[in-house]
Amino acid sequence: MDLSAINPVLLVASLMVAATPLLLAAIGELVVERAGVLNLGVEGMMIVGAISGFAIAVETGSPWLGFIGAAVGGAILSLLFVVLTQVALANQVASGLALTLFGLGLSALMGQSYVGIKPPAMGKLDIPVLSDLPVVGPILFSHDLVLYLGIALTGAVWWMLKYSRAGLILRAVGENHDAAHALGYKVIRIRVMAIMFGGACAGLGGAYISLIRVPQWTEGMTAGVGWIALALVVFASWKPWRALLGAYLFGGVTVIQLNLQAAGVAIPVEYLAMSPYVITILVLVILSADKSSAPASLGRTFHASH
Amino acid sequence: MKFTSLLATAAMALGLATGAMAQDKTKVGFVYVGPVGDGGWTYEHNKGRLAVEEHFGDKVETVFVESVPEGPDAERVMTQMALEGADLIFTTSFGYMDPTINVAKKFPKVKFEHATGYKTAPNVSVYSARFYEGRAVQGTIAGRMTKSNVVGYIGSYPIPEVIRGINSAFIHARKVNPDVQFKIVWAYTWFDPAKEADAAKVLIEQGADVILQHTDSTAPQAAAQAAGNVITFGQASDMSEYAPMPRVSSIIDNWAPYYIARTQAVMDGSWATVNTWDGIGAGMVGIGEISDAVPAEVKAEALALKDAIASGSYHPFTGPLKKQDGSDWLAEGETADDGTLAGMNFYVEGIEGDIPN
Chain A
6 MDLSAINPVL LVASLMVAAT PLLLAAIGEL VVERAGVLNL GVEGMMIVGA ISGFAIAVET
66 GSPWLGFIGA AVGGAILSLL FVVLTQVALA NQVASGLALT LFGLGLSALM GQSYVGIKPP
126 AMGKLDIPVL SDLPVVGPIL FSHDLVLYLG IALTGAVWWM LKYSRAGLIL RAVGENHDAA
186 HALGYKVIRI RVMAIMFGGA CAGLGGAYIS LIRVPQWTEG MTAGVGWIAL ALVVFASWKP
246 WRALLGAYLF GGVTVIQLNL QAAGVAIPVE YLAMSPYVIT ILVLVILSAD KSSAPASLGR
306 TFHASH
Chain B
178 MKFTSLLATA AMALGLATGA MAQDKTKVGF VYVGPVGDGG WTYEHNKGRL AVEEHFGDKV
238 ETVFVESVPE GPDAERVMTQ MALEGADLIF TTSFGYMDPT INVAKKFPKV KFEHATGYKT
298 APNVSVYSAR FYEGRAVQGT IAGRMTKSNV VGYIGSYPIP EVIRGINSAF IHARKVNPDV
358 QFKIVWAYTW FDPAKEADAA KVLIEQGADV ILQHTDSTAP QAAAQAAGNV ITFGQASDMS
418 EYAPMPRVSS IIDNWAPYYI ARTQAVMDGS WATVNTWDGI GAGMVGIGEI SDAVPAEVKA
478 EALALKDAIA SGSYHPFTGP LKKQDGSDWL AEGETADDGT LAGMNFYVEG IEGDIPN
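Protein chains in written order, with our numbering: chain A, 6 to 311; chain B, 178 to 534.
Looking at chain A on its own, in the form it has when it is part of the complex (with noise of 0.2 Å):
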């Protein structure tokens, strides 16, 4: 064992990128949430939101705009959830599990040519002298913008959640949809506006792995990340403060047990393994011992005769 191997200051910045696909889809997913939508197709759209983002990066040369392109195609993909579940009313589980079939599905489609090729670099946040200073430097200055555009964002949908009036019918819309919309608001449009939010966040998310964490394209490279960003969800009581600890702690038991192991620390490895779902949700059960609960009107259809 030689844990004098491990360094921690590369270990917390390298912690912040694998949770910062976890944390966009989250977030964008949290909205959706609150405003009463349950969407299960989180995983299809990061997933065609990463080869978007990735077919654009490398066409244009420009890592921005593939961004761009990646939250603009996680945002259409939604668009079929929308007609789905807000015009033709139907089933939100079923669809959102249809979305992420289709997903992986479009993306190996998408992604026939762009196997191999290796994508433009991100620049990295290079501020003279905060950069360069010991410890702080590498953790808090010298990420990709992408990260810090995680973190702002988190702040911001905390930000509309609670104080904006905007927040408030959102929030509104997912309690009580009936209410909201005999006092005059319209619910399908919110709900349409908040779950194409969810698409472009979940978009941004799979762009970032295929940009930035991994970077390259290879088919069904998210594995897993959507569904864990949904539970993530529940386990963060829709709190968006949460969602980020909870993004960080898996991100971060995630590299630290793989340091561990590199470390040949004698912990059974099958144990490591697990180690980032079960301290995430034992954290977050622990955090939402309160009384947050889960928006009234969730995952229920909404029709105006009703």
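It is possible that some hints are incorrect.
[What the hints assert, rightly or not] For lysine-lysine, the following DSSO-like pairs were computed, each having C-alpha atoms within a straight-line distance of at most 30 Å: (1) B:Lys499 - B:Lys296; (2) B:Lys324 - A:Lys123; (3) B:Lys286 - B:Lys202; (4) B:Lys324 - A:Lys129; (5) B:Lys324 - B:Lys202; (6) B:Lys296 - B:Lys282; (7) A:Lys123 - B:Lys224; (8) A:Lys123 - B:Lys476; (9) B:Lys324 - B:Lys286.
[To be verified] Covered, in the sense of this in silico footprint (three residues per stretch, anywhere, with C-beta under 8 Å from a C-beta of chain B), are these stretches of chain A: (10) 16–28; (11) 110–122; (12) 217–223; (13) 226–240; (14) 257–270.
Derived from the structure by calculation, the hints contain no laboratory data.
Here the structure is a predicted model, which means the values were calculated and not measured.
By construction, the Cβ of each residue, glycine as well, lies at the ideal position given by its N, Cα and C atoms.
Keeping the supplied structure of chain A fixed, place chain B upon it in accordance with the hints.
Same frame as chain A, but now just chain B:
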């Protein structure tokens, strides 16, 4: 569509009834553990499938299903293939072993070929390649090239095939560099680019400047490239898009000749259960071009080792060798027998850490 399938059914019924009438097309199925675009393991199996199509043209029809999980799903996929009239089914991952045996029992007339396993039946053959021969060449280059004396190894599952690779690489790295250490991380997946990338990054952060992988995607190559001064080896496929750095060489699986020969055997009616385990000599394992990032004398040394293995004059597991616990395994000049290699479940002396159960 329906009409042709009706015709096909009728033709098959006729073929069964008369017994002597040859079927028009031989149908060959392939079950893959990853996507055909993984750039590694499954990609090479699919190349073998395409070679079969090219070789036999109209006489053969191939079908494949990709990303099939190892478990009950695999059984369902195989059953479906057999029901759809496949004559020969290649199941291309270790975890398909029991499903293959189970399905083969239900379809005694269909021939099955399971890659990297050890269970055979009257209609089930097994085939594998001696990847450890390639690992010996990798180990030599790794031992010569490392400056930090730390070699990172990304394992998939702790099964004999993977452990053999670790041992072979380690023995040959130590032979040329007595100070070399291996850091081993088990990813518990064959294919998960994000996880493979994380594992590679962790190993690099902990000082490894050589990364060996036994997982299927090219993600570790990308991670090594980002790190700069780290070298890697293509796994299962050449992965030449990462040459000359970080990828300095590779182990290439070449299944095409075997797939063509076995399909021919089914056509001739000469198919019989075999246990094939070929290496560099027979061409089933190829060593990808050693890039210019490797000094000429190291390259020459590696190629000499490859030739010695190919000609059979050298066996990668030649004594004296001890097991990890210090007990004797092979005496001076003794070579390991295939039985021990096939079930290898121990590290050789010098590797740190335990094999997970």
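Status of each hint after checking the structure:
{"no.": "1", "hint": "B:Lys499 - B:Lys296", "verdict": "28 Å, holds"}
{"no.": "2", "hint": "B:Lys324 - A:Lys123", "verdict": "27 Å, holds"}
{"no.": "3", "hint": "B:Lys286 - B:Lys202", "verdict": "16 Å, holds"}
{"no.": "4", "hint": "B:Lys324 - A:Lys129", "verdict": "28 Å, holds"}
{"no.": "5", "hint": "B:Lys324 - B:Lys202", "verdict": "56 Å, violated"}
{"no.": "6", "hint": "B:Lys296 - B:Lys282", "verdict": "13 Å, holds"}
{"no.": "7", "hint": "A:Lys123 - B:Lys224", "verdict": "22 Å, holds"}
{"no.": "8", "hint": "A:Lys123 - B:Lys476", "verdict": "27 Å, holds"}
{"no.": "9", "hint": "B:Lys324 - B:Lys286", "verdict": "56 Å, violated"}
{"no.": "10", "hint": "16–28", "verdict": "holds (count 4)"}
{"no.": "11", "hint": "110–122", "verdict": "holds (count 6)"}
{"no.": "12", "hint": "217–223", "verdict": "holds (count 5)"}
{"no.": "13", "hint": "226–240", "verdict": "holds (count 4)"}
{"no.": "14", "hint": "257–270", "verdict": "holds (count 8)"}
The structure shown violates the earlier hints numbered 5, 9.
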